[in-house]
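Participant: The chain contents come next:
There are 2 protein chains.
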Amino acid sequence: MSEQQHAPQAEKVIPLTEPPKEGEGEKGPSKSALKKAAKEKEKAEKAAARKAAEEAQKKEAEANDISKNDYGELALFGSTVSSIPASTEVPWIELEELPEIFESSSGAEESGGPHVVITTTVKNARIQSASLAFLVLQHGYETIQGVVAKSETLSKQMVKFVGSIPSQSVVRAHVLVKKPKDPVKSCTIENLEVHIKKLFIVSKADSQLPLQVEDAERPLPLEGQEAQTDEEGGRPVVGLSTRLNNRVLDLRASQNLAIFDIMDGVERLFKEFLQARGFRNRHTPKLIGAASEGGANAFEVKYFEEKAFLAQSPQLYKQMLIASGIQRVMEVGPVFRAENSNTARHLTEFTGLDLEMEIKEHYHEAITLLEELMLYIFNGLKERYKRETDLLRKDYHVDEFKLPEAGKVPRLNFAEGIAMLREDGIEIADFEDLSTPHEKRLGALVLKKYGTDFYVLDKFPLAVRPFYTMPSNYNPEDPNSGYSNSYDFFMRGQEIMSGAQRIHQAEFLAKRMREHVTPVDPESPGLKHYVNAFKYGCREHAGGGIGLERIVMLWLGVPNIRLASLFPRDPGRLEP
Amino acid sequence: MSEQQHAPQAEKVIPLTEPPKEGEGEKGPSKSALKKAAKEKEKAEKAAARKAAEEAQKKEAEANDISKNDYGELALFGSTVSSIPASTEVPWIELEELPEIFESSSGAEESGGPHVVITTTVKNARIQSASLAFLVLQHGYETIQGVVAKSETLSKQMVKFVGSIPSQSVVRAHVLVKKPKDPVKSCTIENLEVHIKKLFIVSKADSQLPLQVEDAERPLPLEGQEAQTDEEGGRPVVGLSTRLNNRVLDLRASQNLAIFDIMDGVERLFKEFLQARGFRNRHTPKLIGAASEGGANAFEVKYFEEKAFLAQSPQLYKQMLIASGIQRVMEVGPVFRAENSNTARHLTEFTGLDLEMEIKEHYHEAITLLEELMLYIFNGLKERYKRETDLLRKDYHVDEFKLPEAGKVPRLNFAEGIAMLREDGIEIADFEDLSTPHEKRLGALVLKKYGTDFYVLDKFPLAVRPFYTMPSNYNPEDPNSGYSNSYDFFMRGQEIMSGAQRIHQAEFLAKRMREHVTPVDPESPGLKHYVNAFKYGCREHAGGGIGLERIVMLWLGVPNIRLASLFPRDPGRLEP
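Chains as they are written, first to last, in this note's numbering: chain S, 1 to 576; chain W, 1 to 576.
If you're looking for bench data, these hints aren't it; they were derived computationally from the structure. Zero decoy hints are in this set.
All copies of an identical chain are treated as equivalent in the list; a pair is satisfied when it fits inside any one copy or across any two copies.
With a straight-line cut-off of 16 Å between C-alpha atoms, the simulated EDC-like cross-links for lysine to aspartate or glutamate are:
| no. | residue 1 | residue 2 |
| --- | --- | --- |
| 1 | 528 | 575 |
| 2 | 511 | 477 |
| 3 | 150 | 65 |
| 4 | 307 | 575 |
| 5 | 360 | 97 |
| 6 | 302 | 570 |
| 7 | 386 | 261 |
| 8 | 459 | 495 |
| 9 | 178 | 190 |
| 10 | 360 | 96 |
| 11 | 449 | 416 |
| 12 | 156 | 60 |
| 13 | 360 | 94 |
| 14 | 178 | 103 |
| 15 | 307 | 570 |
Chain S extracted, bound-state conformation (with noise of 0.2 Å):
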């Protein structure tokens, strides 16, 4: 990019010649140098009369150029975005707007369809003739074809730029909007196409691009299928690390798109939900004093002449909330896990769904509204995101997400879960927690015997639950034994969701924080405060907290959970 483009006079449009290049300074004294210098001067020579004649024919075709002011590489500007010469007649309009400018524009056919000014992505640039070349555009999911054709009044020369502009370039164009003779099958918008009159680069793409955009379009390859070709177009499949390092480009893929607007949809759907049943969003730190679940897992902070933590989740602080009297709580946020887990499940950060509330009666009360709330952010995806779902699930060929009825969500008593597993033949002890085989075999037995991807799994063994877990019947002699009230959710076998009622109750906490099966220090400066909390009368409370790629990756059946993660963080990756 030469500096000319940041000048003050910003307006003006580059030329598309280079500058002429500044002759080189010369040196030197002994005799084979001067004859090498001599023969480098001839060679100079040459080749500057060369370039003359290059630029003189340039100039000469620049000069025939009917169409030198309508197409180029825009300037970086001063206050104004575009140095396309400003028309107030024409509006400028995003791609998706072109149907409804062009249904409102009755009497325009004559004229040549609506003219408008567009500013979008060359998804593709093809040159038919000499006198014709096609675009692809592309704004968000929509993507419309452009034609460029010689006329009177535009050169071939525009045609062969317009024609060989690199793909993912971003053009800004005047336009005339036209029927096409036969509906463009390769677009979004089949019915228009757009026949373009000027044309200029906003931001030109390498042509060299390190992942094709169509290649970030196909679904991942399974394990050990990198750099195998595909049955069909012979094109290489594109593994996953090659998309994450690129992360920009493969974004830019509709399947991508479609991905994080279904991670926004059950964000809205879970506030949504939750809002309207009195719970109120808070946002609690993430930098805390001291590793407070346990420790192992907490990532260790640098905080000024201290050591901070990165919260491995709110649990601690919305439990606080609701001893400070807030009721009903729910945070959306990063969670922090330092675990070195590289598997296709795990991230060291992700977004936690969290929610907290009073309980009246019974623990029950939480499950009941967390399968309300799950089966109404699964009804919202169905209805608000069916198109993106279903792009996704036909790329990896997955099945229906089956849902329960509504009241009928299957909630079964975690020792019922291990006898349909011993029924099944597996061996397995009474208070031993699931392994991520025995989840995804039980799954399918539900998925059996329930006709459902989404159950239920309560009263967890107490020894293999969090020291605020509520136990169901202690047992003071043997105070790890028996079960809790807790609970675990899934979605196609794996766990979504973990929750529990918590001790609210600060000397009973304190007890079971020191005869954990993991004890922790009920006075340590990370937790005391935390104990202290509940010395003040605090109410019965439970609630939950749900992993929102977890939700993502499991409804639409996606392979990966890094692909439900817009940059993904694990043991080996922090970039991009």
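Once you've looked at the hints, dock chain W against the given chain S.
Facilitator: Chain W in isolation, oriented as in the chain S frame:
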């Protein structure tokens, strides 16, 4: 808390008397030891006799206590919440539902009013006489008077017990809802009271609280006023650090509930407005590979064997999302600043309301949208949060927030601002950044001239803005001179938002990074991906980042940003 409370037979009410202590085992040979032992034995026997007499007396009192099964402390429990004998006929409701229940219970008057079970906080308890006690019961913003009176079916022991409950304890009670003789002025529900028939303590508060909620309900003293007493009641004026150290109690003040309800409102209004205008909600990573924006103010994180940093804003990522073709993006999330600033307006962690958008013709499209957004928020607060707003402004004697008319937000160029300050006698150079006192002075001048507490300052000097800021008129000979397409928004003379048009071309961006007043290396690991994002075609874009806590602080006029953060973080505070 005795272990009995956690025994399997959890449904039983815990007796109020302590279980008799087990006798201590005897030991020992030597004479003096024997003598001592004999003495001790005698002592023990006397003590035992005294105890037995007390027990007998207590038992007799208990036996005479007609209400003995109607009050006490609740056990922790198994699967059900309460050990109050289940009564399917009596509805369990929340305090705020009482007026509705009363309205809909015509005819219940004869039987003494509707009979319900409520669970509430005892704001305070007061014994009027041996046969009468009053409570103030609270849930959320609502309070109601509770009455317990001796009768044929209610003992004076129970009156004493109920009237002695420590403030802030949580209780569950069977009550009859009645009309009081006179309105109860001291409660929010004035025209009803509840007559207590049974009452159990769910969670007993310490009798010595580190902070009285009544004290937290009064305004924060001005600087230097701490530990003094106020004019009226002679109560100690409790300072900020005491409040924050005991934040769970502090947050029980209605004023604090109001502050965070308003904060919730700002976030809702922000999202409502932007969602309706096509902004997509996204979550960008907070863990980043390198300190991205300059570096000095980023917290360092130990990331397995590597170093990571906490994002100082979503700036680079939201721009990368624009480069990924998202059109319009917003994010609400934590922002981390390792600034060692101990002022009333700085936090090390706060909530950022961020947005970024493609622009079509001019970056003022972004300013206009942001102005409309802020007016939408202000007007929304006026409409929906009047009660909460008034509660705080009254306490702190704060003026109404003066709003401009729609479409008439003063939008001053930086140079005009400088001119106004000079006219007012301030010595300041043309391209000097504004200090906090200058900002406040300018705010006062704008208020005087335009009659509004909200205005925009546009076209800041390029040299005082970050490297990604688009220059207004770039001079390659003096690259940090002149103005830029950047803007700040102010409330009551303090900055709440910073924004700008950003550079959307990789080469120029890299150049600006190198030549910036605080240069950064565009090839460095943390910035390489960011710069590359603009090599693939990117539209012109602009945006801004708003501090949520600042909006709340300045809307209400409270004197310290810490009051607008649930659990504030500053260089000296990581707890609670």
